[in-house]
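Chains H and Y, in that order, give the protein sequences.
If you read the first sequence in the numbering used here, its first letter stands for residue 1, the second for the next number, and so on.
If you read the second sequence in the numbering used here, its first letter stands for residue 1, the second for the next number, and so on.
Keep in mind the hints are simulated off the structure, nothing from the lab.
Don't take each hint at face value.
As the list claims (entries may be wrong) - Quick list of the computed label-pair ranges, beta carbon to beta carbon:
{"#": "1", "chain 1": "Y", "residue 1": "215", "chain 2": "H", "residue 2": "56", "range": "23 to 29 Å"}
{"#": "2", "chain 1": "H", "residue 1": "86", "chain 2": "Y", "residue 2": "176", "range": "23 to 29 Å"}
{"#": "3", "chain 1": "Y", "residue 1": "253", "chain 2": "H", "residue 2": "115", "range": "41 to 47 Å"}
{"#": "4", "chain 1": "H", "residue 1": "6", "chain 2": "Y", "residue 2": "168", "range": "17 to 23 Å"}
{"#": "5", "chain 1": "Y", "residue 1": "237", "chain 2": "H", "residue 2": "8", "range": "32 to 38 Å"}
Said to hold, decoys possible - Over 10 Å on every C-beta distance to chain Y, these chain H residues come out as not near it, computed from the model:
{"#": "6", "residue": "21"}
{"#": "7", "residue": "27"}
{"#": "8", "residue": "42"}
{"#": "9", "residue": "59"}
{"#": "10", "residue": "104"}
Note that the Cβ used here is the ideal one computed from N, Cα and C, for glycine as well.
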Amino acid sequence: MKYLLLKHYRGGPEPVIGYQPLDQWAPDRVDAHIRYMRDFADRLVGTGEFVEAKALSPEGPFVPFEGEGRPPVTDGPFAETKDLVAGWMIIDVESYERALELAAELSAAPGPDGEPIHEWLELRPFLTGFPSVGE
Amino acid sequence: MDTSLIRELVPAVIGVLVRRGADFASAEDAVQEALVRAYETWPHDPPRDPKAWLIAAAWRKFLDAVRAESARRGRELTVDAEPPDGPVPDADDTLRLYFLCAHPTLSQPAAVALTLRAVGGLTTRPIATAHRDTAMIAEGVTVLQTALAPDRLGDYQAQAAIAALHADARAAAETDWVQIVEWYDELLAIAASPVVRLNRAVAVGEADGAQAGLTALADVDPGLPRYAAARAYLLERAGDLDGAATGYAEAARVATSLAERDHLTRESARLRQAARR
């Protein structure tokens with residue numbers, strides 16, 4: 001079963017809501033955070049559960065269709081970033097429980113104080129075209 | 001004096017000179033002059049590497065000849081004539097010359113004549129005697145020269161010179177930045193582009209100090225990729241740690257790859273910490 005792990009800029013639940021941007025952290029905390037992400041992905045490659053991971057540029061415009069032959073008038077980018085997607089990872093796992101477990105593990109990446117940042121991760125199952133039958 | 005060795009080397013040496021930008025006739029003249037010098041010096045002072053010796057000597061002769069004409073032909077040719085001395089490439093160009101001599105645009109007699117001259121090392125006269133037609137050889141030489149040196153003038157050569165200067169340095173600190181700046185100046189004169197301007201500003205920062213680099217950067221479009229990173233780097237070297245930290249954070253926001261973004265974020269974090277001390 002494939003799942004999309006969506007990472008936003010929204011931080012985590014109270015009381016650890018929000019934290020300074022990465023470049024304001026102490027350098028060794030930055031390293032630890034980046035290393036955690038990388039090690040996590042490497043481990044999933046090892047177990048065969050890793051499909052893909054991508055990071056996104058922090059901002060981009062919204063683009064609507066404006067009518068045939070008319071150039072789109074873009075909106076944004078917006079200053080409010082917490083709902084924006086920062087990046088994603090796609091995993092292919094045995095069960096929903098395993099997907100939850102991995103999402104929680106990724107959310108435990110070390111923050112500016114070295115403790116887990118507890119950030120929200122959105123877990124979205126892929127539509128595979130086949131009903132997924134439990135045992 | 002091993003004449004068979006020399007006959008073997010001459011085509012390869014001509015090939016190297018042509019590839020470096022010499023025209024075929026001048027390359028041949030230069031090699032002839034180098035051979036005269038070889039006959040004078042080799043008997044009492046044999047070179048360790050005859051091919052490298054011949055290439056160096058012929059190249060010098062070629063440059064001398066070009067310099068004699070340069071007042072008339074001006075700046076651009078000077079650029080062309082002065083690629084840096086580098087290690088002699090180990091590759092033998094003979095095979096390449098041979099294939100070019102068999103270029104389909106050549107008539108068969110011209111191809112044969114040209115092969116005898118360029119690869120076989122025979123001079124024009126015995127070949128012409130055998131074929132009784134120097135025009136064919138001239139035709140072949142023109143084709144050969146065009147094929148070997150498609151864009152020998154201009155930005156290609158300046159870029160090659162810059163790459164060679166970087167390659168020559170065992171470490172960034174040992175780089176000949178002053179000469180690199182000179183080549184960027186040449187490059188700007190031939191083919192100005194925002195990227196060349198940005199690269200030049202970084203080189204100026206190394207050659208003349210970070211402040212000079214920042215001044216040079218004032219001419220560069222700030223929207224250019226890596227402009228922010230280059231500016232942050234120069235700010236750090238100029239001692240403005242706060243400005244550099246902010247600059248690196250800005251560069252991280254516009255980075256186009258995750259590896260680049262991670263690196264720039266780290267640099268920003270490092271400088272914020274350094275600025276706090």
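For each hint, the structure was consulted:
A hinted range of 23 to 29 Å is violated for the C-beta pair residue 215 (chain Y) and residue 56 (chain H), which are about 36 Å apart. The beta-carbon spacing between residue 86 (chain H) and residue 176 (chain Y), approximately 43 Å, falls outside the hinted interval of 23 to 29 Å. For residue 253 (chain Y) and residue 115 (chain H), the hinted distance range of 41 to 47 Å is not satisfied, since their beta carbons lie about 26 Å from each other. Taking the beta carbon of each, residue 6 (chain H) and residue 168 (chain Y) are about 49 Å apart, not inside 17 to 23 Å as hinted.
For residue 237 (chain Y) and residue 8 (chain H), the Cβ-Cβ distance of about 37 Å falls inside the hinted range of 32 to 38 Å, so the restraint holds. At roughly 7 Å from the closest C-beta of chain Y, the C-beta of residue 21 (chain H) falls inside 10 Å, breaking its exclusion from the interface. Distance check for residue 27 (chain H) against chain Y: the nearest CB is about 4 Å away, which does not clear 10 Å, and the non-interface claim fails. Every C-beta of chain Y lies more than 10 Å from that of residue 42 (chain H), the closest at about 14 Å, which supports listing it as non-interface.
Non-interface status of residue 59 (chain H) relative to chain Y is broken: a Cβ of that chain comes within 10 Å, the nearest being about 8 Å off. With a least beta-carbon separation of about 23 Å from chain Y, residue 104 (chain H) lies farther than 10 Å from that chain, consistent with its non-interface assignment.
The structure fails hints 1, 2, 3, 4, 6, 7 and 9 (numbered hints given earlier, in ascending order).
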